[in-house]
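Engineer: In case you want the letters, here they are:
2 protein chains.
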Amino acid sequence: MQNETIDLLCRHRSIRAYKETSLTQEQITLIVSAAQSASSSNFIQCSTIIRITDPSKREKLAHYAGDQKYVIQAPEFWVFCADFNRHYQIDPKLNLGKAEQLLLGCVDTAIMAQNAVTAAESLGLGAVYIGGLRNNLDKVTQLLDLPKYVLPLFGLCLGYPDHHPELKPRLPKELVFFENHYQPIEHAILTKYDAQMDDYYKTRSIHQKVGGWSDKIAKTINNEQRDFILNYLHKQGWITK
Amino acid sequence: MQNETIDLLCRHRSIRAYKETSLTQEQITLIVSAAQSASSSNFIQCSTIIRITDPSKREKLAHYAGDQKYVIQAPEFWVFCADFNRHYQIDPKLNLGKAEQLLLGCVDTAIMAQNAVTAAESLGLGAVYIGGLRNNLDKVTQLLDLPKYVLPLFGLCLGYPDHHPELKPRLPKELVFFENHYQPIEHAILTKYDAQMDDYYKTRSIHQKVGGWSDKIAKTINNEQRDFILNYLHKQGWITK
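Chains P and E, in that order, give the protein sequences.
Here the first sequence is numbered in the working numbering, starting from 1 and rising by one per residue.
Here the second sequence is numbered in the working numbering, starting from 1 and rising by one per residue.
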C-alpha cells in the first residue's frame, strides 16, 4: 500500500547545504503549478510568492533571518506571503483586518508552500522553511516593497542537497492523533519518546546534543518570542477588528 | 520531468461526495505518518489531529460548519488544531499568548494537513478542507473538550470520491509569482483570467454560474467575516501579548 509519494513525504528532512546547480525554468514552473494546485478557501487565492534573485537582497534576507547562510547559498529562495492586497486592489472598499483573514491567509499560504516542497522533493531537490524571516518583518516588508495587507510568513530554500541528514523522529502518533476529544499527555509515552530523541541527538552526524524533546521545549518556545509581531500585524492592516 | 507526484498534486480537486467504503487502519496510519513528516518550526510540533468517529459529534460539527453534509457522509473527518497546550502541560510557566505562536501554529498545522491530503490522494482517496468549522469556534471547542492554547483551524474530510469535479483554473502565475519585489496587478492578465473563469463556471457540471473571479471576490470576502474570532482567540489564550 505504501507508494512512492508516501515514501517521499515520509523521508522529508530539512536541507541546509546545497550544491551550486541551478533549478531549470521547467522545474520552477512545475513547482509553482503544484503549489497553486493546493486548495484555496472559498477560492480567495490569497497567497503570493516572491522569488529572490537579486544577490544583495538575498544577503540582507539571510541576515534578517538570523544569518542562516543557506538563504544565500541555495539556488532558489522564495518568500511566501499571505496576501489580501490583491483583493484590496480589486476593491478598495473591502472589509479587511479581520482575524479570520489572518488565519485563512496563513493556512492557505502554508498549504501552497507544502505543495511546493513536495513537488521539489519529487524532483530530487531539497528544501527548508525559513521562519527566521519573522525576526525582522519590518525590514523584510521594506526590502520587498510589500504593501498593506501582505504578510511575509516564511522563506523557502530550494536546491540540490549537499548533505544527507538523518530522519528526526516525530512525537508518537498516540500523542498527536486523538479520537473525538482532546486528551492530556500520556507521560509514559512522552518519557519513552524523550529517550528516543536523546538517542537521536547523541548519535546524529551534526549538532549533537544531550537530552530529549520535552526538556528543551520550554527554552525553545521562550527564546523565540518575536514580541513585535502583534504591532507589525496591526500596522500592516491585519487583525485591526 | 513531470512525475507521478507532481501529476497528483496538479490534479487535486476538493471532493464533496464520498462512497461508503471506510479507510483501513493501515491507510490511516500511513496518512498520519506522512502528515507528521512535514517540517516543524524549531521542532516545536504544535499540531494535533482529532479524528471524529462519534456520529452525534459528526452531526453537530456538520451543522456548525454550515450544514455541509459531506462532513457526515465522508468515512473520515479529522479536525486539525494548532496546539500549544501540549507544551503548557510540560511547562505551565511557559510564555504563551504571542502572535508569533499563532502564526507558527497556523503554518505548521496547515503544512501537516497538506501532507495528509497528498498522502490520501496518492492512495486514491479524495479530500476537502472544512474551514467552515471557524463559523462556530466556541461550539467546536466545547464539543471536543479543547483546553486553552488549542485552536481548531479546519476540518478535513477523507474518503473514496463519488464524483469527479473539473479542475478549477488558478490565477495565472504572473499574478502570484513575483521577482524581488511585490508587483501591482497587471489588469490585462486579470481580465483574461476572468474570462477563463467565466467559461469554467458556465460549463462545469455542477453549480454553474456567470462571471469571472474578480467580480465575485469582494462579496466572498465580505460574506465570510466571522467577526467573533479575535475575541475567541483572546479567550483561548492566543495573541494576548
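Since the hints were derived computationally from the structure, they do not count as laboratory data.
A hint or two may mislead.
It does not matter which identical chain is meant; a pair holds if it fits inside one copy or across any two.
As the list claims (entries may be wrong) - List of simulated lysine-lysine pairs, BS3-like, C-alpha gap at most 27 Å:
no.: 1; residue 1: K192; residue 2: K219
no.: 2; residue 1: K216; residue 2: K139
no.: 3; residue 1: K241; residue 2: K219
no.: 4; residue 1: K216; residue 2: K93
no.: 5; residue 1: K139; residue 2: K173
no.: 6; residue 1: K241; residue 2: K19
no.: 7; residue 1: K60; residue 2: K139
no.: 8; residue 1: K19; residue 2: K219
no.: 9; residue 1: K148; residue 2: K219
no.: 10; residue 1: K219; residue 2: K93
no.: 11; residue 1: K139; residue 2: K241
no.: 12; residue 1: K241; residue 2: K216
Please read these numbers as outputs of a predicted model, since none were measured by experiment.
Engineer: With reference to the structure, classify each hint as holding or not holding.
Structural biologist: Hint check results:
no.: 1; hint: K192 with K219; verdict: within (20 Å within a copy, 52 Å between copies)
no.: 2; hint: K216 with K139; verdict: neither (30 Å within a copy, 34 Å between copies)
no.: 3; hint: K241 with K219; verdict: between (32 Å within a copy, 18 Å between copies)
no.: 4; hint: K216 with K93; verdict: between (47 Å within a copy, 14 Å between copies)
no.: 5; hint: K139 with K173; verdict: between (39 Å within a copy, 26 Å between copies)
no.: 6; hint: K241 with K19; verdict: neither (46 Å within a copy, 42 Å between copies)
no.: 7; hint: K60 with K139; verdict: within (9 Å within a copy, 45 Å between copies)
no.: 8; hint: K19 with K219; verdict: neither (33 Å within a copy, 47 Å between copies)
no.: 9; hint: K148 with K219; verdict: between (33 Å within a copy, 20 Å between copies)
no.: 10; hint: K219 with K93; verdict: between (44 Å within a copy, 11 Å between copies)
no.: 11; hint: K139 with K241; verdict: both (25 Å within a copy, 21 Å between copies)
no.: 12; hint: K241 with K216; verdict: between (36 Å within a copy, 23 Å between copies)
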